[in-house]
Amino acid sequence: MNGSVFVNFPFIVVAVLLALGFYTIGFKRNLIKVVIGVEILEGAVNMFIVALGYVKGGYAPIYTQAPPEAVGKMVLPTPQALTLTSIVIGVAVTALMLAFAVNIYKHYGTLDVTKIRRLRG
Amino acid sequence: MIEHLPALMIAVPLFGAFTAPLFKKHYKEVSIWAIIITGITVILSLLLAKEVVTGGIMVYVFGADKPTLVLPSGYSVPIRIMFEVDAMSAFMAISATLMSFIGALYSYSHVDRETGLEKYYALLMLLEVGILGMVLTGDLFNLFVFLEIAGIAGSALVGFRNYRGEASEAGIKYLIVSAVASLMVLFAIGILYGQYGNLNLAYIAKNVSFNMVDMIALGLLFTSFAMKCGAVPMHYWVPDAYTEVPAGINPPLLVATYASLYALFRVSFTLFANVVVDLARVGWIMSILGVLTMFIGVTMALVQKDVKRLMSYHAISQTGYMLLGVGVGLTVLHDPSKLAEFGRDAMAGGVFHIINHIIYKSLLLMTAGALFYVTGTRNLNEMGGLARKMPITAISFMVGAAAISGLPPFNGFASKLLIYETSYRLNPLLTVFAMVTSVLTLASFVKVFASAFLGPPLEKFENTREVPKPMIIAMIILAALCIIFGLFPNLVLDKLVYPAVDALINFAQYHSWGGLA
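Residue numbers (my numbering), protein chains in the order written: chain Y, 1 to 121; chain Z, 1001 to 1517.
Looking at chain Z on its own, in the form it has when it is part of the complex (with noise of 0.2 Å):
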């Protein structure tokens, strides 16, 4: 039974997925079924890491005799498709499957008023496969072919509001993008399997002799993962798609934007990692990238009056975090006194961010979603005295607010911390802009507070009243993992985060299995 979890966790979400269109015109209980089928995810998503942590990398093989048998006699080289899961797959899997469970939970309330709620459904848990699909896999081609299937669902979700117009346009957006980037990525499969005759990642990745040519398809697979993880100067299409989906898909749209996060550290640290030529300058461009993401994330985040919109280009801004910890660290990979001193910290620092910015940024979106279900309008200038009327959304808020600003005792601050502390033994600059974006997202934040919960009570809220409990239920979880996450950092970072650091920095340990030469 353990030993097919990962094809369990591909395997449940895909039948909660196909079986949601038979509840046509059942609103209520396609609702209770993902909620169900996503529930039962997450608790897979949670027994797959226990294993991977205590017993080391996980590896399946479909259609094999035995699932552990990666090369049968006879073979020298892996030919069946494979999962492979260390401890970074885990920990993006359990933040995948946590937040498509928030995701179906509040969705029960929030879109309750939509029709074709099966279709809703069905592509939520295909979203969740595409991105558990990406986590876990060990090959390239199966790469290329989930994030097609969370690029597809997720645009699909994006354009669900049809009746509205800008629904449709950010869902176009959305789609080329991915579709594009996705097309460069089977581009540089094609490059890496023409030259190493496989499509195994930790076979390639012990081939890898970094000619020209592998340095294109370095360059095709770093760039089409940034534009989908929304790195600038490839991030327009991020506000657009965050704004219209419904709140309730939010959580797992950032994920999947941030299992192609998980793609770029695994092409750069897993793929290319025996590469110690050119590395450090992968890393630099990694946190320059970075550095320019959450500056300009966070000052076109100021002037905006929507305020999902608004919270759309901090999560811009916030992904610059991450890559600033994880580019630090890949900078000094090959350095091993360095790595030491304070490159795994700064690495902590990001990936310790990827789960804290889900958690927050969700339940600062789903407050956004919780106002319009409540007002029917985005734009912060026609709200105003909602705090009365919404006590609990409006906690979850100041809640949510606080966490990405870095105040303490919120999560958001544990892992910025960690950040700040090492990107300034790399280089101070670095630390001063992560810094004043910290100020600069705070400032806004207080804009919308002012504007949408403080102020006199507007008449035509007269009659307003909190959103329906599963709303409320899926906030308070996460404002709750907002303050546990800030309260007890080191229950998270020793648990999951430093195994999942740890597996990207001990690159070796990925490569071997079975014998392989």
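Only chain Y is shown next, with the shape it has when bound in the complex (with noise of 0.2 Å):
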């Protein structure tokens, strides 16, 4: 096994979740599929961030019950901290736009993309 390869990959991961995220954004014509690709996006940045705080047999951060081999070997508490945050946001920002989606559903009668064009000039 090639070390580096296995130690990088969930951020392997995170690329590939990017790239699949931009091109379902840029490429897709139902308006569903779209908010599923920035729902991808969130994904791949919420594992970056939690991927960055991993360490390798670590304990968890609570001082008073860390018996004295976790010295030294923590995780960090505020990538996941931030991830929470993020995951809290990124409910209410795709509640948001799915809300939009029934609404324009209901103006047009289509999801298709390339017919909601009534704003242009």
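Hints were generated in silico from the structure; no laboratory data involved.
Any given hint might turn out to be false.
Stated by the list, open to error - Computed list of lysine-lysine pairs in DSBU-like fashion (alpha-carbon distance at most 35 Å, straight line):
no.	chain 1	residue 1	chain 2	residue 2
1	Y	K73	Z	K1206
2	Z	K1460	Z	K1447
3	Z	K1025	Z	K1389
4	Z	K1338	Z	K1460
5	Y	K33	Z	K1066
6	Z	K1066	Y	K115
7	Z	K1119	Z	K1338
8	Z	K1024	Y	K106
9	Y	K56	Z	K1206
10	Y	K28	Z	K1119
To be verified - Chain Z regions said to be covered by chain Y (calculated; three or more residues, Cβ under 8 Å):
no.	stretch
11	1159-1165
12	1236-1250
Unchecked claim - Far from chain Z by the CB rule (all over 10 Å, computed), these chain Y residues:
no.	residue
13	N8
14	V16
15	A19
16	Y23
17	I25
18	K28
19	G57
20	I62
21	T64
22	P67
23	V75
24	T78
Just so it is clear, the structure is predicted and the values come from calculations on it, not from any experiment.
For glycine and all other residues, C-beta sits at the position ideal for the given N, C-alpha and C.
With the hints in hand, could you dock these two chains into one complex?
So this is what it looks like as structure tokens:
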């Protein structure tokens, strides 16, 4: 096994997910799929931050309960706090986007982004 | 009390936003509540600016024993959430609070025929919270959170008239753009956190080494914020959003756009300013982006028939002036003689143009909103002869149009002259484009004035009257500001703009607090 590939595996997945997300936003015609593309992007970014804070064999960062061998091997809590916040924000964004999509379907009768073009010029 | 001002700036409008839904079905009361809350924030921001301009940078640490205690003993890096307010932040905070107040005042009458107003005002105040948070924070992750708050509140307001399909269309465009942009900001924040182990702007700026990965982060941040502030070629969402949003929200939404511009400046000047190499190149990119933005924006505006859409394209075009002015300053940031010669004035022109543009563009979009309120249409070909029916709107429009075209003695002239004079020293070609843009701007506003206000009175507008008083008051305040800023530009330049520019130039000051190594 090549060690560096294994260590960098999460980041490779992040890169693939980013590419997939941008492809979905850019080339899919269905509005719901575009929303899914944004979600994939969000998943990629969240995974990137979590992977940054990963420590192999790490301990939970609770100082009062930590065994002596945990010193220097605690997982940083900041990236996980950031990811949680970002997930919560992401839910709000998705909900609003889907609400817009429902409203657009009501008025235009379609979810095809090439046909939703009343605003132009 | 004074030391808690930065936190109060967020807390007051947030309180207002969460209490607004309690006024369900009491539409007049909720409007007055919003006007009171936004009025209080105006006073708070003026106090804050006074404090910052006289006393230097204010740091506020949330949850610390003392709000100014940045590094408790035993810590070598800042670990708490903190706000860091310098003159540039205070300048943006004044713009944001003033425009939210004007927007709330104008909305009192403008949206009185709509339903669900308690949500409208709650979102208005949330938008204000988002903007204020973005400009006051000294923490990268908080920047992302407030960017998202402003983006969500803004797009919900763009889609507020949900009985129109177009509003939802513009809303989802704005939301997707702002979601993608802020996710890329978060990605860049992750990169920086992975390298420096901290989220504090000043701390990262101090340690930044500008290797390959930092360059990727700078590229991501630059692109995302340029996308959010509507620079060409990422400008396509601006006209849709500005057209569909109720005219009372236009002023705060404009400031939300320029809060992204502020973040762009903060990233280039504060975060990466220690890096001497390549900064001139970033400055050139910003200047050229500015020229392209102003030129493409104005040519798109010339062909529009919808009055609000025309003005929205002008908003893109005017963003170019700010990018040009500050870009010229960034190009010569590490060259002290050139900086003293024209760089500082160029940045003053760019920063002064932000507040001038917010004032006259809000005024123009409000007159467009007034036309829509009275005639029920935004199509220029269906209007005509309204000058006699709506004299105050017509005069406000003339003031705004003169200001945006850069005619003396209105405020647009003061800042544009600074930009022309200084960009000429860097490269004369930049100035030529800027002046041609100004002429084209004037041409398109003559077209609007002729088709909407002049000409024979139309029969169908026989019974139209001037718009209600709150709308008139809001427009008169802005028109008066246009003239005051134009007649006495030094007043604003010395008190607010030059301190803000010096705060950007003296980035070392922003980096040094609390004995941070």
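Against the structure, the hints come out as follows:
Pair hint K73 of chain Y plus K1206 of chain Z holds up; C-alpha atoms about 27 Å apart against a cutoff of 35 Å. With a C-alpha separation of about 21 Å, the suggested pairing of K1460 of chain Z with K1447 of chain Z holds against the 35 Å cut-off. Distance restraint check for K1025 of chain Z and K1389 of chain Z: the Cα-Cα separation of roughly 33 Å lies within the 35 Å cut-off, and the hinted pair is therefore satisfied. Between K1338 of chain Z and K1460 of chain Z, the direct Cα distance comes to roughly 60 Å. Violation of the 35 Å bound is thereby established for this hinted pair.
Proximity of K33 of chain Y to K1066 of chain Z is assessed by CA-CA distance (about 49 Å); at most 35 Å being required, the pair is judged violated. As the CA atoms of K1066 of chain Z and K115 of chain Y are separated by approximately 57 Å, the hinted pair breaks the 35 Å bound. Taken as a hint, the K1119 of chain Z and K1338 of chain Z pair is broken in the structure, with Cα atoms around 51 Å apart against an allowance of 35 Å. As the CA atoms of K1024 of chain Z and K106 of chain Y are separated by approximately 26 Å, the hinted pair is consistent with the 35 Å bound.
Distance restraint check for K56 of chain Y and K1206 of chain Z: the Cα-Cα separation of roughly 30 Å lies within the 35 Å cut-off, and the hinted pair is therefore satisfied. Distance check on the hinted pair: K28 of chain Y and K1119 of chain Z sit about 33 Å apart at the alpha-carbon level, within 35 Å; holds. Coverage of the stretch 1159-1165 of chain Z by chain Y holds in this model, with 4 residues showing a Cβ closer than 8 Å to a Cβ of that chain against a need of three. As drawn, the stretch 1236-1250 of chain Z meets chain Y at 4 residues by the rule of a beta-carbon pair under 8 Å; at three or more, the given contact holds.
Every CB of chain Z is more than 10 Å from the CB of N8 of chain Y (nearest about 13 Å), matching its label as outside the interface. Its beta-carbon lying about 14 Å from the closest one in chain Z, V16 of chain Y satisfies the requirement of being farther than 10 Å from that chain. A cut-off of 10 Å between C-beta atoms confirms that A19 of chain Y is not in contact with chain Z; the least separation is 13 Å. A cut-off of 10 Å between C-beta atoms confirms that Y23 of chain Y is not in contact with chain Z; the least separation is 13 Å.
Listed as outside the interface, I25 of chain Y is inconsistent with that label: its C-beta sits roughly 7 Å from the nearest C-beta of chain Z, within the 10 Å cut-off. Here K28 of chain Y stays apart from chain Z, with its beta-carbon at least about 12 Å from theirs, past the 10 Å limit. Here G57 of chain Y stays apart from chain Z, with its beta-carbon at least about 20 Å from theirs, past the 10 Å limit. Residue placement check: I62 of chain Y keeps its beta carbon more than 10 Å from all beta carbons of chain Z (closest about 17 Å).
The Cβ of T64 of chain Y lies farther than 10 Å from every Cβ of chain Z, with a closest approach of about 18 Å, so its non-interface assignment holds. No Cβ of chain Z approaches the Cβ of P67 of chain Y within 10 Å, the least distance being about 23 Å, so the stated non-interface status holds. With a least beta-carbon separation of about 14 Å from chain Z, V75 of chain Y lies farther than 10 Å from that chain, consistent with its non-interface assignment. The claim that T78 of chain Y lies off the interface is violated: its Cβ sits roughly 7 Å from the closest Cβ of chain Z, which falls inside the 10 Å cut-off.
When held up to the earlier numbered hints, the structure conflicts with 4, 5, 6, 7, 17 and 24 and fits the remainder.
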